[in-house]
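Chains as they are written, first to last, in our numbering: chain A, 1 to 450; chain B, 1 to 401.
One thing to keep in mind: the hints can contain errors.
Unchecked claim - Pairs of lysine-lysine residues, derived as DSS-like cross-links and limited to a Cα-Cα distance of at most 27 Å, are as follows:
{"#": "1", "chain 1": "A", "residue 1": "K324", "chain 2": "B", "residue 2": "K103"}
{"#": "2", "chain 1": "A", "residue 1": "K80", "chain 2": "A", "residue 2": "K125"}
{"#": "3", "chain 1": "A", "residue 1": "K94", "chain 2": "A", "residue 2": "K385"}
{"#": "4", "chain 1": "A", "residue 1": "K84", "chain 2": "A", "residue 2": "K94"}
{"#": "5", "chain 1": "A", "residue 1": "K125", "chain 2": "A", "residue 2": "K169"}
{"#": "6", "chain 1": "B", "residue 1": "K395", "chain 2": "A", "residue 2": "K324"}
{"#": "7", "chain 1": "A", "residue 1": "K324", "chain 2": "A", "residue 2": "K341"}
{"#": "8", "chain 1": "A", "residue 1": "K94", "chain 2": "A", "residue 2": "K80"}
{"#": "9", "chain 1": "A", "residue 1": "K341", "chain 2": "B", "residue 2": "K103"}
These aren't lab readings, by the way, just hints derived from the structure by calculation.
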Amino acid sequence: MTDLPISAGGDARPRSSLLVADARTRRRNAAERRFRRYGAIAIGVAMVALVVLLTTIISGGAGAFRQTYLSIPVALPAAKLDPKGNRDPGEMAKVLTLTYGPVLDTAVEQAIADTGIQIPDLSAKDIDGLISREASAQLRNRVLANPDLIGQVVDVNVLVNGRVDGYFKGRVSMESAAADNNTSPRQLQLAEALRDRGLLVTRFNWNFLTNPDASDQRPEAAGVGVAILGSLYMMLVVLFLAVPIGVGASIYLEEFAPRNRWTDVIEVNISNLAAVPSIVFGILGLAAFINFAGLPQSAPIVGGLVLTLMTLPTIIISTRAALKAVPPSIRDAALGVGASKMQSVFHHVLPLAMPGILTGTIIGLAQALGETAPLLLIGMVAFVKNFPAAPPEGLFDPASALPVQVYNWTQRADPAFIERASGAIIVLLVLLMCMNLLAIWLRRRFERRW
Amino acid sequence: MPMSWALFIAAVLAAAGYLVGRGRAFSVAGPDVRDLHSRPVYHGAGVALLTLTPAVAVLVVAAGLRMTGILTAEAGTLVGVFAIAASLAGLGWGVSRIGVGFKARNTVEAIVLGLLILCSTIAILTTAGIVLSMLFETGSFFRKYSWTDFFFGTEWTPRFQGNSRLGLLPLLWGTLYISLIALLVAVPIGLFAAIYMSEYATRRVRAIAKPAIEVLAGIPTIVYGLFALITVGPMLRDYFAQPLGLGNSGSSVLTAGLVMGIMLIPFVSSLSDDIINAVPQSLRDGALGLGSTPSETIRQVVLPAALPGIVGAVLLAASRAIGETMIVVLGAGAAARMSLNPFEAMTTITVKIVSQLTGDNDFAAPETLVAFALGLTLFVITLGLNIVALYIVRKYREQYE
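Required output: the full structure, derived from the provided sequences and hints.
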């Protein structure tokens, strides 16, 4: 058998050298290279998508953190603003925001006259429209907080109209302004002249982080303050409910539960709940918490409850993985020296599993923070201008949430709100990044390999 | 808020009960603490639990009664007093039971175990809540609107004056079309990314690419939605749809599908990564030893072996795509139509749930109630996909364990 000649039976393949690749080998090698390239392309596409996504959002939203202000001296005439003349804030509150508008307009006109800027065909509307409609309300609040200002000339920084602000950020051009009802090329020329004289300044916009939402006509005043607070309240609710319940459920299922039909049902249930679309949790929240339980709409407590139910499966799955990672020898040792089952779990297994549990919890919270769809259904899209009170009462006040605020702003007509929406996303992404970094740090710092 | 005050007082009483119980355990023990059956801490904890639990139970029952309308808001004070009385009774009873032979640890552990079981049933209650809440409202929807018209209607035109046409088919078509495009993007890219990462990538490439793909997974869907709205939609419209004469809409099936595909890449890739790694090394070594190139090994040995798992992963991704909301709300549009042109705006089940349930809801009108029927349909579809997928994945895992 072993002596058969190699070429017996007429080998169809031509003889070839190992040093020269024949056509078939070349084909196979080419296929290999091609396959490899497909993989590299797939990774490349994913990376490019990530980079494009982040750069468009960040470049679009960076403008929200810069805002143009006009600083002018404003005379506050006592006759108009405090007709009774007794400087009583209660009396002065009767003077409406409407009265402060002309006061500011006069001040702006005066300031422009002082600079001696000459622009042909400049109308009063162009000048008065330079400042935001929110400015008079801000001035009124300032005066009400400090009645002694009346009768004096004070330096104020007023918000500039969103279009003019957009011009300095490159969103509005002379051409688009010509076709726009809310601004005009003349107004933009005026703004440019004012900037050259140092009256108009663009600087970092802290108010974006602290202001509440603003109405359709004043995008320049809109901020994410209420949304951040609302998100924070919801995270508190999730933290106080989802973590104890999730950890409790995991401990029972992992350490105590007998293997029977009932626990099987619970297990299948949890893995299915983890894959239920988030909007279904919104429907549950609407039907159970608002319609049935009668809790108020747009309240952080309802949002928190819905997000709790939604994140529970995530927390349970990661907590169980952390408990499973603690070796049985720890339990055996505790039981061996006379601890009860409960003591071995609470005194030994749980502390050792804590880093893993914390990591999973933070990731679950991050997921809850970015969730939008269920919150839309429980009324969080409502326009909320007032800050909620401190917890626990504040949990029942109407509030917004960061991702919902983003959605809300995308539905507005003024393109300036798109910039605000991108800015809110930057805030959201920074918060998420901090949470994930914390989770990574916890894992690195406390993780134990057995 | 008399009820939250009652809870607070009960908590203070429980803390006091802990101290009293522990102190009393020390005093009954006499000179040698070891005579006690349980350590004093357990006596204290037992008293605390017996103080807190009755009050919480009373408050929970009262809250439940108030929701169903049996109890009015004015009864709050009465409930509070009642809760505190129950908590005081628990405290007294708990303290009176303390003795040398009292098995406080067993009592405490039994209560804690009961609490743990309660926690684990919350998951069941959630599912039951989801199903029940949707079933009831869907039932009242079908009393007002014929179910054949809902499931087989090809027109979706809700009107506030009534006489709406609420057909599921155009929404289902939009949902499936968008999901199909998303899967066509996500499955090849995700699968090839997973293959490259596990079989080819050098350590440096992996150190960059793996976290990048994980970042993609951690981005909230509203961000993808905004991306679709302000970048992808206008780009597709200006460079493809308008030059080709296929449409003028920024929001389209293709916009939503592409962006959703990007969102699903990390999901598909991490699932396939697990599955490919679960294929035993011996299969690879065998194929390579027979002279196959790495790509031949992957295509002819690893992938066929991993196929059931990959099918499961694709099904899970499909269920994610069908249930995804924010990307389609911002990217797909609101017009319900059944067309093959991917540059046209279409709508999905989730979009219509959002649009029918935001704003002022009239829970007697079929236009609002239809959202619950849509939700139930969505729930059933995704649940079916998940159960099949999880079954396949689990079955597949057992094969190699």
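Hints versus structure:
Only pairs whose Cα atoms come within 27 Å are accepted, and A/K324 paired with B/K103 is rejected, the gap being roughly 31 Å. Taking the CA atoms of A/K80 and A/K125, the gap is near 22 Å; set against the 27 Å cutoff, the hint holds. About 21 Å separates the Cα atoms of A/K94 and A/K385, which keeps this hinted pair within 27 Å; it holds. Straight-line distance between C-alpha atoms of A/K84 and A/K94 comes to about 11 Å, which keeps the hinted pair within the 27 Å bound.
In summary, the hint linking A/K125 to A/K169 is supported, as the alpha carbons are separated by about 23 Å, within the 27 Å threshold. Pair hint B/K395 plus A/K324 holds up; C-alpha atoms about 21 Å apart against a cutoff of 27 Å. Between A/K324 and A/K341 the alpha-carbon distance is near 16 Å, which keeps this suggested pair within the 27 Å criterion. A C-alpha spacing of about 12 Å is found between A/K94 and A/K80, which places the hinted pair at or below 27 Å, so the restraint holds.
Using a Cα cut-off of 27 Å, the hinted pair A/K341 and B/K103 holds, with the two alpha carbons roughly 16 Å apart.
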